[in-house]
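A.B. asks: Going line by line, the protein sequences match chains E and G.
Per the numbering used here, the first sequence starts with residue 251, numbered consecutively.
Per the numbering used here, the second sequence starts with residue 1041, numbered consecutively.
Honestly, the hints are just simulated from the structure, not real lab data.
Relax, there's no trap hidden among the hints.
DSS-like mimics (lysine-lysine), calculated; alpha carbons at most 30 Å apart, straight line: (1) E:Lys-371 <-> E:Lys-327; (2) E:Lys-348 <-> E:Lys-275; (3) E:Lys-309 <-> E:Lys-276; (4) E:Lys-483 <-> G:Lys-1210; (5) E:Lys-479 <-> G:Lys-1210; (6) E:Lys-314 <-> E:Lys-342; (7) E:Lys-309 <-> E:Lys-501; (8) E:Lys-382 <-> E:Lys-394; (9) E:Lys-484 <-> G:Lys-1210.
As a plain string of letters, each chain reads:
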Amino acid sequence: MRFFSLILSVFFLSASFSSAEITAKKRIISLMPSYTEIIYALGAQDQLVGVSNFCNYPKAALEKEKTGDYLRPNFEKIYFLKPDIVFAPQWKNSILLKNLRALNLNVTQFEDESEVEDIFKTIRIIADKTNKKAEGKALINKLKKRLKEISKKTALNKRKTKVYIEVDAKYWTAGDNSFLSDVIEKAGGENIFSNIKRSYFQTSWEVVIERNPDIIISLWGTADDYMQKPLAKKINAVSNSQIISAIDRDKIARPALRVFDIIEELSVKLHEDK
Amino acid sequence: MKINKFIIALLVLGIFFVLSLFIGPTSLSGFDILFHIRLPRVLQAVIAGCALSVAGVIFQGVLKNPLCDPYILGTSSGALVGAVLAQILGLSQSSFFFYILIALCALAATLIAYNLAKYKKQVSNVDLILAGVIISTFLSALVLLFLSLRRESALNIVFFMMGGLHETDKGLLIAVAILVFFGIALALSLSRQLDIFSLGEEKAGHLGINTEKYKIIYFTIASLITACAVSISGTIGFVGLVVPHMARLIVGPSHFKLILASAIGGSMFLIIADAFARTVIAPGEIPVGVITALVGAPFFLWLLLRNRESKCK
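Looking at chain E on its own, in the form it has when it is part of the complex (with noise of 0.2 Å):
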C-alpha cells in the first residue's frame, strides 16, 4: 500500500512538474517544412511539439512528432499533441483551416511566399508567436544585409543572365508569380517567362529554343537530359554547357533560409564566364 502511494505520489509530483513546464513555454506545431527551419534558427525549437512528414532540415525535426503533412493534416495527432499554436499554410480552396479551428486550435496561418522578402514576414511572425523577436530582428537583419550585398555584386553586370528553370519533367516551369522566379531574379538573372505572370506552368522546347536561356537550371534531370534534345545546340545554355542539375530541391524550392545560400551560390554561377 505504501509503496503504491509513493509510487502515486511520484507520478503526480512529475506530473505536476511537466505540467509547469508546459505552461512557461508554448507548446507550437508547424505544418511546413520552411516554418520548421525558421523555428530553429530562432532557437525556438523547445517549444516545438509537432512537424509536418515532410520537415527534414534541421535533421533533429525528425524526431519531434510527425503530424501528416500540408494537404493531409493528421487532425487527431495535432489535437493529441495539445498545441497552443498551429502554423498552416494558407490552404486556398481549403476546408482545413475551419476544420483545425472547429476543434478549438489557434492556428496562425502564413500567405503563401511569392518573393523572396515574403520570408522576412514568415520570419517575423514566428519570432513574435514564439517571443523570440529580438532573435528575429537580428535574423532579418542579417538576411537583408546578405540580399543586399548580392544585389551590389548582380548590379555590376552588364547584363542580366537569362535563365529557364525547369521543376518537372515535360517542360513544367515557373512563370513571374512565382517564388523561384524570384529566387532567379535575386540571383541577378532574368527568368526567360518572367513575362508570363503565373506561377507553375507547362511550356515546351520550342519556346525554350526561341527564348535561348543562358543558364539551364533543373530541380529534376541531368545535364545529359538537355544535350540530348532536337536542337540543343542552338541554346546557349546547352552550346555553353551552362547546365545546372544538382541543386536540391528542397533548398531551393522551400522559402526559408537556405534559399539565401542558393541564392547567393546561383549569383556567381549565373555570372561566372562573363
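Go by the hints and put chain G onto chain E.
C.D. replies: For chain G alone, kept in the frame of chain E given last:
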C-alpha cells in the same frame, strides 16, 4: 467510288499534316524547327491517333460493346504501373527503357486481364470486361499507394497520366511506327472475320470461325498497338472511344472501311487537338487529353443528333 472517298480523306489528312507543321507556340521557322521539333510531334500524333482508334474499333467489334475503349482491359493502369516502376528503378524519362517498361507493363496488364477471364478455354465478354475493370482498379490502387508514400515523385506520374505529345527517342518512334503499321495491316486483313463476329459469337462459330483463336489475335493486336501509343504519348483518353463511333456514323459497319476511316480520323483528330494544345495558351501548354475530350464530346453529340434527324426523315 468508295475508294475515291478514302483517297480524298487521305489527302485531307496530308493537308492537315503539313499545315500543322507550321502551327507552333513560337514564330520560329526554318527547316530545323519544322523537321526536328514539329515533325516528330505531328508523327507522334498520327501514330498515337490511329493506334488508339483502331484498337477502339477492334475492342468494340469483338466485345460488341459500344462503350469499350483501348484501355478497357487495364492497359492504361498497366502503363501507369510501368511509369511508377520506372520511378522506383530511377529510370530517367529521357531513357529508352522508360518507354519499353511502360509498353511491357501495359501489355502484361492486358494479358493478365484476358487470362483471368478465360475459363475452360472460353472467354466470355462480360467476364473479360469485369476482369479488365478489376485489374484497372487494383493497379490504380497500387499507383495511388505509391503516390501517397512518395509524394515528391507524384507530380511526374500525374503528368504522365494527363498524357501529352513531347519529344521522345527517335528510335522508339520508328519502332512504334512499324509495330502500329503492321498491327493495323493485320487488322485490315482480318476485317472480314471481324464483320462475322458482329453477328454474334455463336453465329460466327456456326459460320466456321474459330472464335477463340481470332479473339486472341484481335486482342493481341489491339493491346499491342495501344501499348505502343501509350509509350509515346502517355494515356490520352477519348480518342479510342469516340473516333470509331464517328467513323461508323460516316462509313457504316463494314470493318475494313471502319478500320481505315478510324485510322485516318484518329490521326486527323489528334493532329488538330495537339495543334490547339501547344498554341492556345502559348508559351504554355494544355494536356492534349483535355482538348480531345473538350472538342470531341460536343462534336460527337452533334454527329449523333444529325444522324438521328436524317434517320427520321
